[in-house]
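Colleague: Take a look at the letters that make up each chain.
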Amino acid sequence: MTDLTKMLVKSTTKIMKDICTKEFIDEAERGRWAAELWEVLSEAGMLTVAVPEELDGTGGTFAEAYEILRLAGKYAAPIPLAETYMGNWIMADLGLAATCEPLAILANEGEPFQFKKEGAGWSVTGKARSVPWGRHARLLLVLGETETGSVLALMSPTEAKVTTGQNLAGEPRDTMVLEAAPVADEHLFAVDARQVHSRLLSTGALCRSVMMAGALERIAELTVKYTTERSQFGRPLHRFQAIQHHLASLAGETAAANTAASYAVAASRRGPDEKAIAMAKIRINEAAGIVAPVAHQVHGAIGFTHEHVLHQCTRRVLAWRDEWGTETQWAEKLAEQLMLLEENGLWPYLSE
Amino acid sequence: MGSLHLPIQERSEQTEEIRGHVREFLRQEREAGTFVPKCDTWLSGFSPEFSRKLGERGWIGMTWPKRYGGHERSAIERYVVIEELLAAGAPVAGHWIADRQTGPLLLRYGTEQQRMSFLPRIARGECYFAIGLSEPNAGSDLAAVRTRAEKVEGGWIMNGSKTWTSGAHHAHYMITLCRTSPYHPENRHEGMSQLLVDLSSPGVTIRPILLMTGEHHFNEVFFEDVFVPDDMLIGQEGNGWKQGMTELAFERSGPERFLSTFPLLEELVNRLRQSGQKHLMAQAAKLVSRLWTLRHMSIGVAHLLEKGETPDVAAALVKEMGTTFEQQVAEVVRLLLPTSPSVDAADRLDQLLAQSILHAPGFTLRGGTTEILRGIIAKGVIAK
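Going down the list, the protein sequences come from chains A and B.
The first sequence begins at 1 in UniProt numbering and counts up one residue at a time.
The second sequence begins at 1 in UniProt numbering and counts up one residue at a time.
For reference, chain A alone in the conformation it holds in the complex (with noise of 0.2 Å):
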């Protein structure tokens, strides 16, 4: 890690530490727009990491967006970083300008949304599920289809029918419903599809494993505290062999769940690489299936009550391993891939 980084670190924490308290992220999850967390990022330019400067973002690489990410999965921020990020990254990719307005992004890869020829401009109709804060979007970016080609419209949210929706830890996944609502000629442009849904995936992915492991690490950091703070039978948790295997348990998917983001955040520096995520979410994945049902064993009844912070964050692990792919959805993809080695081609497929 960098100095620089060590230093984004820094100030990130102290802000996801500051602000994401138990009683904000509750009143988020209660439908309240988290409008300080997002103002402080913005004057920070922490929502606009990895984009050029020329194209008003803030520079620096995707290592340090992801860094920022991993925290905000470890405090719970209740905002849509990782979709304002992706959104910008593609937008970068067009020579677009940056955006610090949050941003939500409507692809529908089953039923594509449709747009068509209005005088001047186009309209656009469709409707995509579990738009990740589409309520609070001040932004879209609409994926979908032409008589002649995909593309990829910028628009406002205003004229989208939203019913509202919430995952497992309350954030908000939203239906959005567009019909005929209208678009710019200049805000259409004209992209591959198949590239963009692919792109998505992976980034989606990707962005979810790096707060997973954040918010794995949180869970685990909160149980250790736990079991020195209390005693049963005149003695603290810690000292029980039952609680030390846990505690072991909880240390080990921790720390795995931490290289493989680390591993495929390092192996996605010029793009996503699609092999190295596929790795890391299996992986992390599988890591919050034992690690959320752990924590709450070990803290007992009070884990499992609204007034403590634990289940903030294993609702939300458990939440995100099901977005972007679950590990049969990504072991089939690596599957894909392996059948395609030569003989005996596992060792060298693994380690190049």
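Quick caveat, the hints were computed from the structure, so don't treat them as lab data.
Cβ atoms here follow ideal geometry from the backbone N, Cα and C, with glycine treated the same way.
Each hint should be verified, as a subset may be incorrect.
Facing chain A, a subset of chain B residues (Cβ under 10 Å, in silico) [what the hints assert, rightly or not]:
#1 His5
#2 Arg11
#3 His216
#4 Glu266
#5 Glu267
#6 Ala282
#7 Leu291
#8 Leu294
#9 His296
#10 Thr370
#11 Val381
For this one, chain A is given, so just place chain B on it according to the hints.
Modeller: Structure of chain B alone, referenced to chain A:
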């Protein structure tokens, strides 16, 4: 839990060059029929010829100073060589212990004379060592060792026994943890020393303890009034416990803690590909993801060791998770493909599966049981 962020070590030209050489060598040896890939070969693959060939190529004692017959390579280069050997299921048991832990121990605590006498022979692949830790009544509770050495003119007289000693029947020497002062129940770690015992000395008896497969790898080693000369004391008299613990740190995080069943996993992937079973391959892919992660964790630990740090909690983690993974490979294989595992099966998958299943209980016992490691890990994270 700061210590659990392991550094990321990426490929370099230097490591990939040496990887290429090792792969080419292994390809030629396999084609020449020098060895047939097997599971768990760092315990069971004994071949003095093969060890000597590795020595000739400079692949034993790689990180040691040249004046002791070493090659002054980095720990990461050594890592690349040993992971290639293990992944190929090559017979490396002869020199494994000497290369992995005796060499580093002598470099740290040995006298100049001991280093000059043993290290060049080890690096040539000609001199093998056995681990002298466990005893009949000192297993996980190592501080209970009772083998004792009494001071006499010019040396020590050793009495006692060691057990579960892998490869003692092939080894030339044993680094033996023993009591050089009487046992005190309230201060059990005091008064222990490490003596380097020539296993051909009068009074040494080695008896086989057969594994449940009937194979002979384990031994019981008895010492009856065995004379050990003064210059065979390693480090300081009374410092044996600490030295022994240092030795254990070298043995916990290497690739032999997750690659023992790799040849089986590779054969599984071969079979699923040949039969076009993509859905089952997805199950194998989950194992591949676990292995990918373990390997990067283990390389991260090697990187910390190279920098002179002592990441004992992380090393314990790699061993605990890695050895569980080794066992899991065998379980997944039998659920994915119909098999008839047998050690003398003609079918390669059946044979590798039998080797894996029947060696599996040892994976999570040797070098510190899973239960002991979990205790070390938990205490480590609590202390942070």
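Colleague: Are the hints correct? Go through all of them and say.
Modeller: Evaluation of the provided hints:
no.: 1; hint: His5; verdict: 6 Å, holds
no.: 2; hint: Arg11; verdict: 8 Å, holds
no.: 3; hint: His216; verdict: 29 Å, violated
no.: 4; hint: Glu266; verdict: 5 Å, holds
no.: 5; hint: Glu267; verdict: 9 Å, holds
no.: 6; hint: Ala282; verdict: 4 Å, holds
no.: 7; hint: Leu291; verdict: 7 Å, holds
no.: 8; hint: Leu294; verdict: 8 Å, holds
no.: 9; hint: His296; verdict: 5 Å, holds
no.: 10; hint: Thr370; verdict: 9 Å, holds
no.: 11; hint: Val381; verdict: 5 Å, holds
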